[in-house]
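Novice: Given next are the chains, with one letter for each unit.
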Amino acid sequence: MGGPPCTTVSTIEEYDYVEKLAAEVAGGEEELRKRPLFWTVYNYIGTLQLNRFNSWLLRASMKYHWPIMPAVTAAAPLMGPAMAAGNTAISHAGILFMTALKQFHDPGAAVVPNNIVFSLDPMTGRGGAHVPHFMLGTCAMNQLWHELYGLPTAQYGGTFAASLDQQAFNLARYLTLQIISGTDFIFEQCGGEAFDPALIPICAEIARMGRSLMSTFHQIYPAPENLALDVTKEVGAKGEKWMTHKYNLDRLKMFPPGFCLDTNAFDTWLEKGARSWVYDLCREKLKELEKHEPKPLPKDVVERMNAIVKEGNDKLRVRVE
Amino acid sequence: MSANKEAILKKLAEAVVNFDEAAAMAAVNEAISAQLDPVEAITRGLTAGIKEVGEKFGRGEIPLPFLMLAAQVMEKATNELLKYVPEDKKPEPLGVMVLGTVEGDIHNLGTNIVTAVFTAAGFKVYNIGVDQPVENFIKKAEEVNADIIGASALMSNTLQQQKFLGEALKKRRLRNKYIYMVGGGAFPGEEWCRECGADDYATDVMIALEKAKRLLAERKGERKTKKK
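Protein chains in written order, with the numbering used here: chain A, 1 to 321; chain B, 1001 to 1228.
FYI, nobody ran anything at the bench for these hints, they're computed from the structure.
Below 25 angstroms or equal to it, Euclidean Cα-Cα: the simulated BS3-like pairs (lysine-lysine) are: (1) B:LYS1220 - B:LYS1140; (2) B:LYS1171 - A:LYS315; (3) B:LYS1090 - B:LYS1124; (4) B:LYS1139 - B:LYS1211; (5) A:LYS315 - B:LYS1170.
Could you build all of it, start to finish, from the sequences and the hints given here?
Specialist: What follows is the structure, encoded as structure tokens:
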């Protein structure tokens, strides 16, 4: 395709080409509009700062009437208050501001707050959304938007690490928190600087766990069916019959197998090569994905996309003086 | 006198290590009263302290804010001591650096850290701020006769600007005049550094400092060889 269209500081015109390309891939503007697309507008710098890229992104969302997921938060403790309550208040104010701006210029467009209360690792200055007390801020934001406004919420989780095992760890714990705090839209972002294709099966494993967790919320309520008092009485104290009892057999799907987890006992695991999950099993799983051949785009679509990219590049390319 | 001198130098170093501005300024006054050589007070007192802080940070023993505090104390005490040094005897900076965040990007955490640490290490840093077009980096570097140009970008979509700066320097035949360093929180690594035509890169301030010192030493070595 001749490389990505690259501009200096972005303009509304850049998004005209993005829109055209998206419509080509979707099979036309009408088809594109049927898709549940949201534009995310991130702002993790300081209180109510918006960089120029995101400013244009926001304006383009107004021009094309795309729903947005604004994320506004300060990067504590280096550029925001160290307490989660303070940073939650800033995040809340920022999202309200961006929502108001969007509604003023593009009335009626959907806005789903991308609730994140962000922090940096004070040892390195790098993103560290894993900081425990800030996770509470994220939960508080969800509660605020759900209970105060009755609105759905979105959240993203990042890898925030270079090593694959630590990325998996961060993703898993962040996703679990997001699900338990009732997030309606969840998406995961993998660190661009350390992307490893093995993150695809890692994310699939974590997403499978997440989906299972989300679909089983109902069973924790102490209703008679969930408490299974009658069946417990019937089975009795020893409990042998639970394994084959219809009550449990009907609910076995709530215990899904892992995507590529190794649940062997220690000695068996050693005997089979002591393979790690992230570095061995997930990479091995990739071999299955490699067999997948995506349906190619029709030739005429590719040609039209190339023409759009060429036109965009010619018009917007930076010329170094 | 000698024992007293060593005690004052120790106090200066300790004040930086403890990021204690009041103690640092008291030690500075003591050094002036005792007629210590202010340059020696900087190089053997304050610098010893900031070196220790840098090493602690490098080992992951102290968080960033304390490194920044120590650098601020160092800068303030250094400026005070330099008031007592005649103009012609003021020590030359280790190097002159023009630093900024590229156009389209308003993240300044990294450049502020680099400014503080490099200044504390003896560099003269001109931090031109955020959202700076290529032209401004070059203009400032020419104006202050810089040794190093440093361009920071946090976002993947502003990384391109680092390449444009490298290209602009090349196009104006200025590329060999300056050491060009690139970096930032999301810097993709060696390959992108080469793509930008930069001399080196870093995502960690202490590594950046070591690299800058090495590149400067290499350049000075080259100049000496050329003179011969």
